Amino acid sequence: MDDSRTAPLKTGSLRVQVVTLSCTLAIQAVATAATLAFPILAPAIPGIGQAAVGVFLGVVYFGAMIGSVVGSAVVTGLGPVRASQAALMLQAFALGLLVIGSEHLRLVAALLCGLGYGPITPASSQILARTTSPERMGVAFSLKQTGVPLGGLLTGATLPFMATLFSWKAGLAALALLAVAVSVASAPLRTLDAGATGRIGISRTWYRPIVEVLEHSELRSMAFVSLMFSACQLSVSGYLMAFLHREAGLGLGRAGVIYAIAQGAGIAGRLLWGHLADRIGSSRRVLMVVCALMGVCCVVTGSFSAQWSMGALCVVSAVFGATAIGWNGVFLGELARLAPKGRVASVTGGALFFTYFGVVAGPPVFGYLADWSGSLGLAYVALGAVPAVAFVLLCLPNGSAERGVARTKA
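So that you can map any letter, position 297 of the sequence shown is 640 in my numbering, and since no number is skipped, the others follow by simple counting.
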């Protein structure tokens, strides 16, 4: 997709840029909340096991894989704002299906939720790439991507309490209404869709964004690292709540607070890592630090028990959240630096295909490992091997992000 289609954003006032960033942040937060609502509420839903949560998340991000690849075509046809509005409406419908409570509709809802989630990041990345200078890409994309842990914080802090006070169905229904409200509230920004073609055409070369990433050594390396990181991220977002409640012996309320702290730390982590990457001029080195901390947190989290103090649980969960949930902004900013001119949305969509593949494969494997071993704690310890593999990938010479940055600035 040619990013020049929405050139009017380039000359927008500071007020327009702030409002646009706020809008994309809200959309990202609600979209993420929609994908995490079922896993967060799983302990309150009768008959839902760990494997079922993993399968649900896998189907969600299978849909997101498809949505991210075709997302550039959707954004071209509708414009980034309308595409985001349509995506939220689709997710609201999916949440409505979950409220029905039918086991047969659960995976349909998961797929629709993922299809709605996929185009949102390419759309917002397209906007930011044209309004942000290259040296500030890390902070800008990290700020926008705080919507992901913000959505997790929203679900972790509110849905368990709603389930306790009312019912799990009430929590899902409230989130569906919020998605509709944010979609409607975004309508005044449709002027940013001026360059939309009005046609959504999925060509025979729909797979081209994936090929484009594979042909570029730096992009390929970053894509595979994101695959590893995303598997870790969803193992935190999808299972930490259940782990704290079922194995660490915390009530839903206290477990929800710790879960919200982890997600909140993810927000701080995204800003911290983005600032650090811009400061030292190396996204790869920052991601290597993230790898090391994430691996340690996986192992330590696996040792959580009822004997741990609330303070210790909060500290470890915060560091885990800052790393496993906080890496995305640096990753997306680096993609924007490495992407050929006018191809940010396409490259982002292609790379996210691999990111979502990690999410599709990670949670089900994690869930089945937990069921097989009888312990989520052992599954978290085993998860520590994943950031170790990512660290090795970042150490390979052909994964040097600095070469890509130098080429972009030249």
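Keep in mind the hints are simulated off the structure, nothing from the lab.
Possibly wrong hints are sitting among the right ones.
[Unchecked claim] EDC-like, lysine to aspartate or glutamate: derived pairs with alpha carbons at most 20 Å apart:
#, residue 1, residue 2
1, Lys512, Asp714
2, Lys512, Glu446
3, Lys684, Glu590
[Unchecked claim] Derived Cβ-Cβ restraints for the label pairs, each shown as a range:
#, residue 1, residue 2, range
4, Gly592, Ala517, 26 to 32 Å
5, Leu448, Met653, 46 to 52 Å
6, Pro683, Val451, 33 to 39 Å
7, Arg533, Gly392, 42 to 48 Å
8, Met653, Gly624, 35 to 41 Å
9, Gly392, Cys657, 50 to 56 Å
10, Gly717, Ala517, 43 to 49 Å
11, Cys738, Ile443, 44 to 50 Å
12, Gly392, Val642, 22 to 28 Å
13, Lys684, Leu557, 48 to 54 Å
A quick note: this is a predicted structure, and the numbers were derived from the prediction, not measured.
Where a beta carbon is used, it is the ideal one built from N, C-alpha and C, also for glycine.
Results for each hint:
{"no.": "1", "hint": "Lys512 / Asp714", "in the structure": "violated (26 Å)"}
{"no.": "2", "hint": "Lys512 / Glu446", "in the structure": "holds (14 Å)"}
{"no.": "3", "hint": "Lys684 / Glu590", "in the structure": "violated (50 Å)"}
{"no.": "4", "hint": "Gly592 / Ala517: 26 to 32 Å", "in the structure": "holds (28 Å)"}
{"no.": "5", "hint": "Leu448 / Met653: 46 to 52 Å", "in the structure": "violated (38 Å)"}
{"no.": "6", "hint": "Pro683 / Val451: 33 to 39 Å", "in the structure": "holds (38 Å)"}
{"no.": "7", "hint": "Arg533 / Gly392: 42 to 48 Å", "in the structure": "holds (43 Å)"}
{"no.": "8", "hint": "Met653 / Gly624: 35 to 41 Å", "in the structure": "holds (39 Å)"}
{"no.": "9", "hint": "Gly392 / Cys657: 50 to 56 Å", "in the structure": "violated (27 Å)"}
{"no.": "10", "hint": "Gly717 / Ala517: 43 to 49 Å", "in the structure": "violated (35 Å)"}
{"no.": "11", "hint": "Cys738 / Ile443: 44 to 50 Å", "in the structure": "holds (49 Å)"}
{"no.": "12", "hint": "Gly392 / Val642: 22 to 28 Å", "in the structure": "holds (25 Å)"}
{"no.": "13", "hint": "Lys684 / Leu557: 48 to 54 Å", "in the structure": "violated (20 Å)"}
Checked against the numbered hints above, the structure breaks hints 1, 3, 5, 9, 10 and 13 and satisfies the rest.
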